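Enquirer: Put chain B on the given structure of chain A with help from the hints.
For the record, the sequence lines run as chains A and B. So in our numbering, the last one in the first sequence is 354, and the numbering has no gaps at all. So in our numbering, the last one in the second sequence is 1333, and the numbering has no gaps at all.
Hints in this document: simulated from the structure, not taken from any laboratory. Computed from a predicted model, the values in this text were never measured in an experiment. Positions of the beta carbon are idealized from the N, C-alpha and C atoms, including for glycine. Any given hint might turn out to be false.
[What the hints assert, rightly or not] Pulled a few chain B residues facing chain A out of the computed Cβ check, cut under 8 Å:
no. : residue
1   : F1063
2   : N1115
3   : I1304
4   : Y1310
5   : L1320
6   : L1324
[What the hints assert, rightly or not] The following residues of chain B were derived to be distant from chain A, with all beta-carbon distances above 12 Å:
no. : residue
7   : A1016
8   : F1031
9   : I1097
10  : G1136
11  : D1172
12  : L1183
13  : G1214
14  : N1218
15  : I1261
16  : V1311
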Amino acid sequence: MLYRENGQFKTTYRQDQQMLPILQDRIFMALLLLFVFGAGPFIFSDYLFLSILIPFLILALAAIGLNLLVGYCGQISLGHGAFMSVGAYAAYNLALRMPQLNFLVVLILAGLIAALVGLLFGIPSLRIRGLYLAVATLAAQFFMDWTFARVKWFTNYAPSGSVSTATIDIFGWTVDTPVRKYLFLLAVVTVFALVAKNLVRGHMGRAWMAMRDMDVAAEVIGIRPVYAKLTAFGVSSFYVGVAGALWGFVYLGSWEPLAFDINLSLNLLFMIIIGGMGSILGSFFGAFFIVALPILLNQAPEWLGIHMSTAMVSNLEAMIFGSLIIFFLIVEPQGLARLWAIGKEKLRLWPFPH
Amino acid sequence: MKRNRNLIILCVGLLAGLIAPLATGASDPGFYIEVLLGGLMAGVLYSLVALGFVLIFKASGVFNFAQGAMVLFAALSVARMAEVMPLWLATLLAVGIMVVFAFIVERLVLRPLVNQDPVVLLMATLGVTYFLNGFGQTVWGSDIYEINLGIAKEPVMILQSVFQGGILINKDDVAAAIAAVVLVALLALFFQKTKTGRALRAVADDHLAAQSIGIPLNRIWVIVWSVAGVVALVAGVIWGAKLGVQFSVSQVALKALPVVILGGFTSIPGAILGGLIIGVGEKMAEVFLAPIAVKAFDLAGGGIENWFAYVLALLFLLVLPEGLFGEKHIDRV
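Just chain A, with the same shape it has in the complex (with noise of 0.2 Å):
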């Protein structure tokens, strides 16, 4: 009934190509975001902000980086925590060695450095491909863990490798309440959503998805695969480097080496899957699981009455996730964003069954 586009006629070529073609569509992005920057701030707890939230927006900036080539370009990786940390620790010595420098600046400067890294390791996409691309982002996880871990500069000296970063000051603002972090969080992702939702409608999206779909077909069409893949690797390692910056200051304030270690690469590819793979709106969806599943669990068995260990909860998580996984490879490969895209499509004719 409400949700339905009779009478809405394109007559413009821009019409037609805007992002969201339905005007219910845009009055519920409209309303969506209208509520969550104005009425947000006042209604959610403390509680929600610092352990679902603020992670959840990082981590769907994070997913959305790496759904840009996985999703978009098929390039597998198993080693975007491993730009993430680049992001944190660019970032990290950025604020301390420049502190004159504004924390928004410092972010870009983070993505960059962390895009250049993440160009390095995929050289090798240019000769490799499927599995043995895996193997070679893997061993950017490991180079990197090892090297924030032991060469002391990037930890500034810090006896036990562990650093902790100073408050957030933005032109006098500064981000150190759990609500003003979420605005700031909120802010970002939003913005740099956007932005990646247009990049994959644009020219560069497309040859993205070009190569993911058939490289050799694609390279007779005239797209160049060095310029796809590298833009790929290098847009995506960006967004994860912006992500990871905001995970230690924001989010972290102090971290240890570990902290971005091969699980979180594997749980940012988990999003994904889960979320949706080739899709922007999926990323936030997978995210909001990964981060909200774990709380949930751990919250169930004291509401059904049940005593669990931490360890059982642990391996519960572990095999959820796990069946999950094969769950949605099986029966959703298109994940979360699919079922939300078929809830439309029924919502469309409903309450009629033509």
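Expert: Same frame as chain A, but now just chain B:
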């Protein structure tokens, strides 16, 4: 020709790296041989895990990330069951468990995902890894368990007359090496002399052709996952007897990835040789190269064995993408 040249360059490079510590006088021969043997020992374990990878990859084209989890699960099963029954019975039962596991994986994971992209299958085995790790530790517990094979652990001094100070060798290391050799010999016999082995080789050569002459692919997959499970069991028992059964055992799979790159995805001799090269290379690098690097760059400790294997594998990828013994064909982009 180019391949041969590259191969020669790589071999010369590896050999040069191998004898460098000795030639430059950085170490005395006795200590050098101890390091070498230690590396070979670790290499045997990498080879065993890589062997599991290669078996499954050859037969079903699946890159089995879960091999490490299988090692852990098998070792946990043996360790916990051996607490209440004799070791041989526990091992037999564990073999049974691995066969059941192979059956379940084939039914629930491989069959629905047949003909999918290799990367999708890789991600599915990632799911299997998580599930198996969680399941194993739920059922068997997540402490450190011991497997007692009844072999004395104290090292033996040999060749005292040849080298100053002699060489220390662990008896259980020797036993492990012998067990590995026996396992590989048995596998070779199984593959060459039995009907099932012939079917397995046929499937590995060409799925379609094998299916068209009536070899049941599904059953072959169950068999090959079972064999990989048994290999994982042996690797797990050896590892567990040496260092105790704990979660870190499953991480050995990550070390086996470079091994299969080095040896070639489809070659059993490649997996064995690759494992030995990685094992020795890693130990040598850690003992002889790391102190130099620490001094030169003022690092906080060595630990380069964490990534050395991967760098070696990357080097191979650049020069010799199909590995030492892999099939010549490779997906070039």
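Enquirer: Compute the least Cβ-Cβ separation between B/I1097 and chain A, then decide whether it is above 12 Å.
Expert: 17 Å, holds
Enquirer: Is it correct that the beta-carbon of B/V1311 has no partner in chain A closer than or equal to 12 Å?
Expert: 7 Å, violated
Enquirer: Is the Cβ of B/A1016 farther than 12 Å from every Cβ of chain A?
Expert: The claim holds: B/A1016 sits with its nearest Cβ about 22 Å from chain A, beyond 12 Å.
Enquirer: Would the stated hint for B/L1320 survive a check requiring a Cβ distance to chain A of less than 8 Å?
Expert: 12 Å, violated
Enquirer: How about B/L1324: closest beta carbon in chain A under 8 Å, or not?
Expert: 15 Å, violated
Enquirer: Would the hint on B/I1304 stand, with a C-beta cut-off of 8 Å toward chain A?
Expert: 7 Å, holds
Enquirer: Quick one: work out the minimum CB distance from B/D1172 to chain A and report holds if it exceeds 12 Å, violated otherwise.
Expert: The claim holds: B/D1172 sits with its nearest Cβ about 29 Å from chain A, beyond 12 Å.
Enquirer: Does B/N1115 pass the interface check with chain A, least Cβ-Cβ distance below 8 Å?
Expert: 13 Å, violated
Enquirer: For B/I1261, which was marked as not at the interface, is the minimum beta-carbon distance to chain A over 12 Å?
Expert: 5 Å, violated
Enquirer: Far enough from chain A: is every CB of that chain over 12 Å from the CB of B/N1218?
Expert: 16 Å, holds
Enquirer: In terms of Cβ atoms, is chain A entirely out of 12 Å range of B/G1136?
Expert: 9 Å, violated
Enquirer: Using Cβ atoms and 12 Å as the threshold, tell me whether B/G1214 really stays out of contact range of chain A.
Expert: 28 Å, holds
Hint compliance for this structure: hints 2, 5, 6, 10, 15 and 16 are broken, all remaining hints hold.
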